[in-house]
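Undergrad: Using the hints provided, position chain X relative to the given structure of chain U.
Which chain is which? The protein sequence lines are U and X, in order.
Counting in the working numbering, the first sequence runs from 1 upward without gaps.
Counting in the working numbering, the second sequence runs from 220 upward without gaps.
Since the hints were derived computationally from the structure, they do not count as laboratory data.
There is no bait here: all hints are sound.
Sample of chain X residues with no beta-carbon within 12 Å of chain U, all distances over it, derived: (1) Thr236; (2) Cys237; (3) Met240; (4) Leu313; (5) Ile316; (6) Thr317; (7) Trp330; (8) Asp406; (9) Pro407; (10) Trp411; (11) Gly421; (12) Trp426; (13) Val437; (14) Asp438; (15) Glu439; (16) Thr440.
Pairwise CB distance ranges, derived in the manner of DEER restraints: (17) X:Leu350 <-> U:Pro124: 38 to 44 Å; (18) U:Ala19 <-> X:Trp330: 35 to 41 Å; (19) U:Thr207 <-> X:Gly276: 23 to 29 Å; (20) X:Ile231 <-> U:Gly199: 46 to 52 Å.
Built from N, CA and C at the ideal position, the CB exists for glycine as well.
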Amino acid sequence: MWTIVRKDLAIELRTGEMASSMFLLALLIILVFAFTLEPERLVAPEFLAGLSWTTLLVAGTLALNRSFVLEREAGGLTGLALAPIDRGSIYLGKALGNFFLLLVAGLVLLPLIAILLGTRGLAPTWLLPLVLLLGVAGIAAIGTLCAAIASRTRAREVLLPILMFPLLAPLLIAATRTTAGALVGESAADLQSWLLMLGGFDIVFATAGWLSFDVLLEE
Amino acid sequence: MSESRRTWQDVILPWATCVSMLAAILMVFLLVPSERDQGIVQRIFYFHVNLAWMAFGGFALVAGTSAWFLRTGSRRADRLAHANAEVGMLYTTLVLITGPIWARPIWGVWWTWDPRLTMTVVLWAIYAAYLMLRRLGGDDDTILRYAAVLGIVGSLDIPLLILAVRLWRGVHPAVMLSEDPDAGLKDPMMGWTMMVSALALGLLFTWLVSLRARLLAVDETVAAMHLEGAR
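Okay, chain U solo, but in the shape it has when bound (with noise of 0.2 Å):
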């Protein structure tokens, strides 16, 4: 398992591919952001985590389409699933991958987010970070096993989001207000239901995507 993690993370570090379009890509959004919406109305934190979010998760669109892409071009699914391990840890090996990238991302965007969109008021506790982690690893974690349905089709590039934007609306809306809340410097105590949900959210769905693999790369 962590073998795939640190061979995907090597073709990362390596090429840089990913890594680069993906903040391009994110720098262009906060661009159309800021021409669409008027900097100087969007002052309520609310509006900050919304976007954040809403960046990361086109932004990691593009990277969830490339994991499996890669490996389906070069065969290396075949080779992953013939080898001598449990399917499961091929899911998790990808889903880590996906998600240390994705975090990196947003450790990157979110004070991009606040430098270029400028808001005042915000007091960010030691929340934010935990929020980021546990907002990633649930798209992570969705996004790998949709990434994996979606790159058996044709349009896997159309399909990854139409499944995966669904699927993680709950995530959505309850990483959205926790980022909110954590930006303001509201205490834990208060957000206590919501963090609550995000963990729920990754053990269910990664447990989901470990347990399907079995079924998924049976070919």
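TA: Same frame as chain U, now just chain X:
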């Protein structure tokens, strides 16, 4: 495979559906009294609420038949999952159409992000994604397993979704109360109309699913014949 002889489904289901649907329409439009506060618009509930329940039930059936398919590999289970998703999508769409027709005069808006509305529209999107996967998946047999996995994962999303939208929007008790048809319904005729409508829409659901499932079976047979012919 497909059967040429007439089964009970061909005879009983269409007739029962037609009779109960006519009865339901008759009751909704002519027999049942209007609710005092909301007036005539309220009558749409007899269909709207039942459609919503069945759309949700259809989702559970998709998950159940998907699990059955993964367990046994039965093509019949796969066809049932597919047919259920299609009819469930149809019902969800009707819910989303009948809802605003009622909401506009009563709430004053076509749409609001109330928990139930939000949930229904996300449910609709999940159904749409499932059917899109089936359409774009091609004839490959592995896609059936992929669709089954999605059918089950989609149903896992529902409880989380319910939780999220409730926390997000809170419950609007006043709205909920007026949305609950039993609350303002004192006339026993209203209860009966509700039940007959449920029966009619339930029969229609079953009939449509059985027709679609049979059509899918015929499709599979035809595809198999083409393969034979090509050989």
